[in-house]
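Given the sequences, and given the hints that come with them, work out the whole structure.
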Amino acid sequence: MMLAAINYQNSLIFALGFLLVSLFMVSILHTFRNLSGLTIHRGHSVSVFAGEDAEFNVRLSRDGVRAYEALVLGWNTELMQEVDILDDDVEQTVKLFVETKARGIFNPGRLLIQTNYPVGLFRSWSWLDLGFTTIVYPRPIAGGDLPASRSKSEEGELSLEPGVDDFQGLRDYHPGDSLRHVSWKSYARTDELYVKEFAANVDHRIWLDWDSFHGTDNELRLSHLCYWVMAVSRTKNVYGLRLPNLEIEPDAGTEHRDRLLYELAVFDQAGIA
Amino acid sequence: MTSYQIPRNSLAWMLLAQVAVSAPHIVRLPIWITLVCVACGLWRIMVYQGRWNYPSRWVKVALAIFGFAGIPLGYDKLTGVEPAIALLIVAFFLKLLEMHHKQDAYVVILLGYFVAITEFLFFQSIPYTIYMFFSVLLITTALIGLHQTKTHIQPMRTFRTAAILLGQALPLMIVLFVLFPRISPLWTVPLQSSMGRTGVTDSMSPGDIASLAQSDELAFRVTFDGQVPRNRQLYWRGLVLSEFDGKTWTTSNGLVQRGVWRSNQDQPPWVDAIEMRGEEFSYNIVLEATQQNWLFALTMPEVPQNNKLVVLAHYNIASRIPIRNTLRYQLTSHLGSVLSRELNDYWKGQYTKIPLYSNPRTQVLAKKMLTEASSSREYIDDVLRMYNQQEFIYTLKPPLLGRNSIDEFIIDSKKGFCEHYASSFVFMMRAAGIPARVVVGYQGGEYNPRGNYFSVRQFDAHAWTEVWLKDQGWVRFDPTSAVAPERIERGLEAAVEDENTFLFDSPLSIFRYRQLLWLTDLRLQLDAIGHYWDAWVVGYTPETQMSLLSKYLGDMDKQKIYFLMLGVFFAILGTIGVFILSKRSSAVLRPAEIEYLKFCRILEKKGYRRHHGEGPNDFAARVSLSLPSLRDEINSVTKAYIEAVYVNEVEADLLSLKKAVRVVRFKSLASVD
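Line order of the protein sequences matches chains A and B. For what it's worth, the working numbering labels the leading residue of the first sequence as 30, then goes sequentially. For what it's worth, the working numbering labels the leading residue of the second sequence as 344, then goes sequentially.
Hints should not be assumed to be uniformly reliable.
Claimed, not checked - The calculated lysine-lysine pairs, modelled on DSSO-like cross-linking and capped at a C-alpha distance of 30 Å, are: (1) 1001(B) to 982(B); (2) 710(B) to 757(B); (3) 445(B) to 124(A); (4) 651(B) to 710(B); (5) 710(B) to 124(A); (6) 130(A) to 214(A).
It should be emphasised that the hints constitute simulated quantities derived from the structure, not laboratory data.
As structure tokens, this is what we get:
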């Protein structure tokens, strides 16, 4: 371009060349601007089983009217998310997914946020440590029998469906009870939440026991236990967990289930209490 | 293969930019290249709409062959700029059909900027520059669109961003333009001569200048320093034609070659034969691009000793390189200079040479008139008197002449334009053994009081003669002035007033409407702007740069200029940075708030400042106590403001607020007086 300008001694080609040079210089500022003044918040994260993609929410907010375009963020350079904050948006939430490999407490590391808007010649970027962690549960692997429970179940088989044969009555609602079992009729009448109790031909107390999976390595045992936690939690049964260093009394509900999953996730991991 | 999808927003802008940037080139492109380009564009639109797929490889090959083959077929030679531009444009459009990666899109954008640049090789006027700036804006918009998210659906926003970027780049560009050290050309590059512009050429046949006179295109503009010559002194010498074949005058090739005008010899020997004399005029010429070497000057300029200009053996001057861009040069002429008091036999022979059997009747006439005259000076006067007293007519529409054109003109038709008179006069001289030659150039010019300069246009093209007289050297004779003195005094329009042929072929030319004074005034105004553009922007050469910088900055070496440039450049860049990064923009005021702040400012001038955190009602109450004369108005502003901001944001409230603020302003001003 400059050669053309010089050889033809063409002032206007010079001018256009200078204009482009200036444009690129100005665009450095704009690329920088497109990242500066942005506030980035850590949003909630969602726990997953090992091998799945963990979800992290990042909230981007601006304090002025300055618009942000084509912000790219993520941990993995191939799985980056693009986002704009324009017009009336005050903030935007971006869901980011990171592939997990092993159970435990997962920290995706520092988040990369970058932009090469507007002209693509320059990139401004930042590595952010937002302190994201999430719990990665062991990968559930079907296997083994139902861990031996201390009490016998009829025909040695677990009924996965809640018992439907005998309606036993109502009891008070506890957080974690399935909403499917809430007696909405009673609720309409009394404004109190009651849960319908059914009797199934199942023993309610199941122990998921570390020792019931002989001859498998630790990780596989955890995977089997994880599978059974998920399986049993879908039933009406109360269940407990026995690990070499820990015993959790049988109970039911999602809080209980998550507690158990957590213990499976962090079992025997150095540095984690 | 994962196919890259160019953002739709960007693609739309890209197509628009391509059309805009290539449009001016279309007139110069062979038709099939245009067709290939249109086909590519349409195909891409179909792909964009999802109706068609990208073309298969064979279709692409076929289009490419068709497009590229068109180039050698459409141009005589492949070395010029025009085939290169055609190649660029074909590639520019073909690339549209092969956009599988982001890099492909970058290539299109880059080619777009290049095509934009090539346009300036042909046109450099203000309207073109504005148009090309707009095209560059479109290309930049497409470039920005490439980096936006795919879901971006606000094309005008992209355009606005591009405009802001370019707007901020403009001051930086101006700094670089003015201060960046310019370099002389590294090598010369040919521009296809087919794009020749109108202007005097190195040959002259009957009718040539008459057809040139149909054009109102600008040839050059002249600014005189101080004294200005009279119109009849304005003979702008261009080329000297000394070879005659019976019909056409040409410049003598031998002379040009022997004229060492390409050599670096500083002082050609014939320069010693110039005696600078007479009235002295200094002037500055801004010459439009001619693609040729000739320069125009009054007789006889002092030519600065440099490697740019050279004095040819005919005492006309030329540039060593063809004038491809507007050229600015400064000369000082001595109007009464004596050129070549001595003429040796060789040159005498050259300047009296006529083809032996051409125009026999004129030769006879010349011999007869020579025997009747007592001296060669008297013979010259007799010939001029012949033009003046016989039925010669000066016309833009002379009859067509045959092989012995001079016979037919002098003896039969007696109707001709300046080239007929000049040609026949020189022939008569040579037939009588008097050395003579034809000079072509321009005569006169229009004075523009707005810019204090003369515009010389193609219709000012003129041909006259020079006769060598012993002890006087080359003396100018203009036979046209013997026939139509008004041509020399008042220009062509006045000379052909009666036959009404001035710019006959261009009925819309603004020059045909000189009697409309406002229009003439407007034209002169615009022309003056164009003059400054040509002189200071288009004609901003290394020399202009050095003289401008040394005028305002004193003597500076290149290094200092370089530092100055960088300093100013980064100062401006920093200012822009502070401007765009400041949070100033975060406070957005609603229209009603702006109005209320105006109101507060009015009261502040009267000494009532609203305290921090003081509400509008409290403020109004406080001020009303001290300014009872304005109480009603203050209350109505406050009420309207509260209505507009807090109650219901409707247009009507805003209007009543504006009105109330105006009343306060009026009253407060009135009460001061």
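Violated hints, by number in ascending order, as checked against the structure = Checked against the structure, the hints that fail are numbers 4, 5 and 6, while the rest are satisfied.
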